[in-house]
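Below are the chains, spelled out letter by letter.
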Amino acid sequence: MEAPGDDGEAAARRPELTEQPASDAALVQRCRAGDDAAWRELVDRFSRYVYAIAVQGFRLPQQDAEDVFQEVFTRVYERLGSLRDDEAVRPWIAQLTRRLCIDRLRAGSHESDADIDALPEMPAEDLLEALEEAFDVHDAMNDLPENCRQILDRFFARDESYRTIGDQLGLPAGTIASRISRCLDKLRDAFEGEGRNLPPAPSGGQVT
Amino acid sequence: MSAYDHEQLARLIGMLPPAPEAWVHAAQELPSARRGLDQLVARAEADAAFRAQVLADLEQALEAEGVEPQPRVVDELRRLLADQ
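First to last, the protein sequences are chains A and B.
For the first sequence, numbering that gives the first Met the number 0 begins at 0 and goes up steadily by one.
For the second sequence, numbering that gives the first Met the number 0 begins at 0 and goes up steadily by one.
Keep in mind that the hints were calculated from the coordinates and are not lab data.
For clarity, every value in this text was computed on a predicted model and none was experimentally measured.
Some hints here could point you the wrong way.
Only some residues are given here: those of chain A computed to face chain B with a beta carbon under 7 angstroms [unchecked claim]: (1) Ala21; (2) Asp35; (3) His137; (4) Leu151; (5) Tyr161; (6) Leu186.
Glycine residues also receive a C-beta, built at the ideal position from the N, C-alpha and C atoms.
Bound conformation, chain A alone (with noise of 0.2 angstroms):
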């Protein structure tokens, strides 16, 4: 029998599951000062974003989207210092991200002998656009509890079973069903009552 509300309730008595990660803003004045753990926090809150926009946006293979991964975050730890605006980072990374996947693009199709004027395909920018929808709502995960976040993002993002899910969280299979929907529920007030469901400006910091 599941036992109602109770997504969470212990983790979120333990206060190293219910911190608010920091701003964009001080993690990159942390990175700024030579912080490795905070480097690791911005890889790590920025990964899903720079894979998404190369595999999902622009469908690179993985071999080519490997290459711009780490080539967008080696160029972000060279250039951080050089960025205007410390909360635009995630514009700027976004961004930078978009021309390094072009650039693999334009190299590929040079490469191939095919017609070396036509430009390589572009994502269409509603999908560029609903990624960064995506990324609000990941970002909104973070004011959930702990058991909420880690079930929404196991069965929809990591595509986990109920069965896996339950086994990993220490959680009856057969209540994970109606747990996602109350997680769901949470996570809709999340988003919808900080106002954060509206798209970040398009621009912002140093372009490269």
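Dock chain B against chain A, hints included.
Just chain B, lined up with the frame of chain A:
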């Protein structure tokens, strides 16, 4: 009326699956890899015998410096030493 129903939220969550762990790990290790490379290159600049030793086995030199010899890091070390 809410702008987001469960189906929309589920679709948006699913649009950002995790990047491969190895990619994330490599990017997270960038600062320590850079420090290790800088130290190796500085020593190689000052010591020709050490430079030859590093060139003879780039992976081992990186490991001795506490840096994971990932292919990109090995390539970067090779490039930096060639530039000297």
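Taking the hints in turn, this is what the structure says about them:
no., hint, result
1, Ala21, "16 angstroms, violated"
2, Asp35, "5 angstroms, holds"
3, His137, "5 angstroms, holds"
4, Leu151, "6 angstroms, holds"
5, Tyr161, "14 angstroms, violated"
6, Leu186, "6 angstroms, holds"
In this structure, the earlier hints numbered 1 and 5 are contradicted, and the remaining ones agree with it.
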